[in-house]
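S.K.: Here is how the chains run, residue by residue.
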Amino acid sequence: MSDSGSLNSGAVLEEVAAQELPARLTPRAATRRKRGWFQVLRPLTPRARLLFGILSFVLPIAAWCVVSYVPFVWHPQVEITDPGSVDYLQVGMRMNKADFASIVAEAKSDHKDPPQGVSSNPIYLPAPHEVAKAMYTAFVTPPPTKDSPWLHQSLWHSIQVIFWGFVISSIIGVPLGILCGTYAAFARVSEPFIEFFRYLPAPAFGALAVAILGIYDGPKITIIVIGTFFQQVLIIANTTRKLDVALVEAALTLGTRNFKLLWRVVIPGILPDLYRDQRILLGWAWTYLIVAELIGTTSGITWFITQQARYQHFDNVYAAIFIIGIIGLGTDIVLALLARRLFPWDRGLAKTA
Amino acid sequence: MTHMNKMIVPGELPSYLDQSAAVRARFDRLKAREVILKVDHLSKVFTTGKRETLALNDISFETHRREFLCVVGPSGCGKSTLARILAGLEDYTSGEVLLQGQPVTEPGSDRGMVFQGYTLFPWLTVKKNVMFGLEINGKSRHEAEQQALQWLQLIGLEKFAECYPHQLSGGMKQRVAIVRALANQPRILLMDEPFGALDAQTRARMQAHLLEIWRKIDITIVFITHDLDEAIFLADRVLVLSAHPGEVQELIEVPVPHPRSTNQFITPEFLATKARLEELIHKGAGHDAEEDEGTYQMVTRLTDVTDDVD
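Going line by line, the protein sequences match chains F and B. Just so we're on the same page, the working numbering is the position in the first sequence counted from 1, plus 16. Just so we're on the same page, the working numbering is the position in the second sequence counted from 1, plus 688.
It is worth saying that the hints were derived from the structure and are not from the lab. Be a bit skeptical, because a hint or two may be false.
As the list claims (entries may be wrong) - Listed next, the in silico SDA-like pairs over lysine to any residue satisfying Cα-Cα at most 25 Å (straight line):
| no. | chain 1 | residue 1 | chain 2 | residue 2 |
| --- | --- | --- | --- | --- |
| 1 | B | Lys847 | F | Thr157 |
| 2 | B | Lys827 | F | Arg357 |
| 3 | B | Lys719 | B | Glu784 |
| 4 | F | Lys258 | B | Lys719 |
Unchecked claim - Chain F stretches covered by chain B per the calculated footprint, using a threshold of three residues with CB under 8 Å from any CB of chain B:
| no. | stretch |
| --- | --- |
| 5 | 261 to 269 |
| 6 | 340 to 351 |
Glycine residues also receive a C-beta, built at the ideal position from the N, C-alpha and C atoms.
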């Protein structure tokens with residue numbers, strides 16, 4: 017009941033005029049009712065939405081901080097601060113606590129200077145501030161060799177691979193999906209095979225793609241296309257099938273035929289949902305990126321990550337991984353905001369955005 | 689619901705067959721007009737798996753130009769199926785449906801339809817919804833826009849031309865749906881319980897709107913409803929169907945004079961017609977309908993309120 021006010025907003029309603037009074041009363045009644053966070057299928061207030069949205073990032077980061085900064089939580093290793101008399105130890109070396117303890121004991125029993133150390137986490141878990149710093153320094157640190165790319169160049173290369181993979185997949189996948197959803201014959205002649213093919217892991221085609229397309233971007237884009245395309249056809253076909261048949265029937269009784277029915281009713285009818293599907297699929301395309309970039313000559317952000325991991329610069333590794341996340345989430349938010357502009361009539365927006 | 693007027697003793701009412709001179713003259717003029725829709729021995733069998741269900745059996749009737757025909761019947765009498773067949777959305781098993789002599793085989797712009805659900809295109813503004821059929825049928829954008837605005841004026845919604853359907857109330861949506869269908873200038877307007885989803889007050893206002901539109905333009909209306917008051921209030925004639933299978937029970941000429949107003953709900957002609965419809969519907973529903981929907985077992989009373997107020 018509390019929704020009826022917002023549902024009709026923006027229109028002066030002649031029909032409702034008679035019931036205007038009780039309708040006006042409902043929002044006030046709604047605020048008087050007890051509001052809790054755990055109400056089944058009830059939307060949160062805008063403030064609570066914002067709060068919980070921020071919390072969803074704060075909670076994992078807080079957990080990471082606890083593990084990194086509270087010395088008695090985890091910290092299974094010791095970082096050497098002073099090697100003492102032990103000549104094979106160096107400042108900054110890490111070792112398991114048990115090993116360190118036995119070295120210390122040995123040194124003491126020999127009446128030599130024992131090494132000093134502080135408890136630390138393994139090198140593969142840098143602290144948040146180190147990663148935060150790396151997010152900046154990774155961009156300004158020159159590449160190890162002159163001909164290898166800077167981080168921003170690596171990223172741009174990855175974005176291009178994703179873009180072309182997704183575009184090529186969509187050029188074929190979207191129309192085919194719509195046709196499958198619209199015409200049962202299309203669905204029947206293509207969907208069983210696509211169902212089979214989508215279970216084949218895209219990276220399995222890596223070697224084949226290299227043999228056919230060489231070692232540069234061709235096979236990488238191909239992997240992303242293979243990873244996206246088959247899901248895309250099936251998802252969009254399903255979305256198309258969910259179009260309200262009554263709209264098609266209404267169009268039929270208005271004299272709409274054949275191609276116009278597809279072009280003027282089916283496609284505009286599914287467009288907001290199609291757009292949502294594409295957003296989800298673009299996310300999936302990113303998940304194929306790393307595998308795709310390992311094929312042939314390693315390139316893009318994957319090249320950066322593997323390089324940095326080789327030098328044990330794990331702060332840079334995390335920074336690069338998070339940058340992928342930021343780009344992905346950023347794109348999705350931009351696309352979601354764009355959807356409000358593009359589809360002002362869409363009622364599903366409130367639920368997702 | 690149908691038992692509401694049980695108290696009326698039929699003897700006190702005139703026969704529903706009695707027509708005043710004015711009403712009789714009106715029917716004479718109506719029947720002298722050309723036949724727009726002729727349904728001839730129409731039957732429809734639904735096949736689900738191996739089971740065949742006879743939904744409509746041997747339906748025959750005619751409507752004349754500018755006639756308002758209501759189709760009523762108990763649930764399961766196939767009145768919606770009939771509307772869909774007339775629209776061309778459903779095929780039929782035997783018989784014939786002729787629109788101005790031409791057999792109906794598929795949907796077309798010569799038969800407009802208004803559905804119970806709101807079938808306005810959500811991605812189009814109100815104006816563009818009304819323009820849709822006009823553009824599909826070859827009118828230029830400019831011409832379509834001019835006509836659409838005129839239609840919106842007729843229903844008093846020109847202020848909402850640029851709104852999207854979700855911004856309108858249910859009654860407003862159905863008014864737009866009606867003019868969207870009418871904009872194509874169909875020979876006949878099929879309405880399948882168009883006001884069924886509206887609340888009582890809105891429905892009453894919509895009925896008055898519809899009569900007003902119908903008075904102003906040359907349109908024949910076939911209106912499906914289960915609301916007997918609505919049928920009598922709107923119709924020139926009421927086609928009563930029985931259920932399982934759907935068959936024509938009677939084609940009743942409504943003796944309530946025109947122009948119609950809500951005051952007529954308690955006139956003797958109105959009540960007599962309603963009494964007759966109730967009698968037919970009750971009979972037509974038969975025994976199996978009641979068995980289908982279950983009956984109350986008046987054995988136990990499951991209440992623990994002790995104040996004896998019923």
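S.K.: It remains to establish, for every hint, whether it holds in the given structure.
M.R.: Now the hints, each set against the structure:
1. B:Lys847 with F:Thr157: Cα-Cα ~62 Å, so violated.
2. B:Lys827 with F:Arg357: 29 Å, violated
3. B:Lys719 with B:Glu784: 21 Å, holds
4. F:Lys258 with B:Lys719: 45 Å, violated
5. 261 to 269: Holds, because 7 residues of the stretch 261 to 269 of chain F bring their Cβ atoms closer than 8 Å to Cβ atoms of chain B.
6. 340 to 351: Result for this restraint: violated, n = 0.
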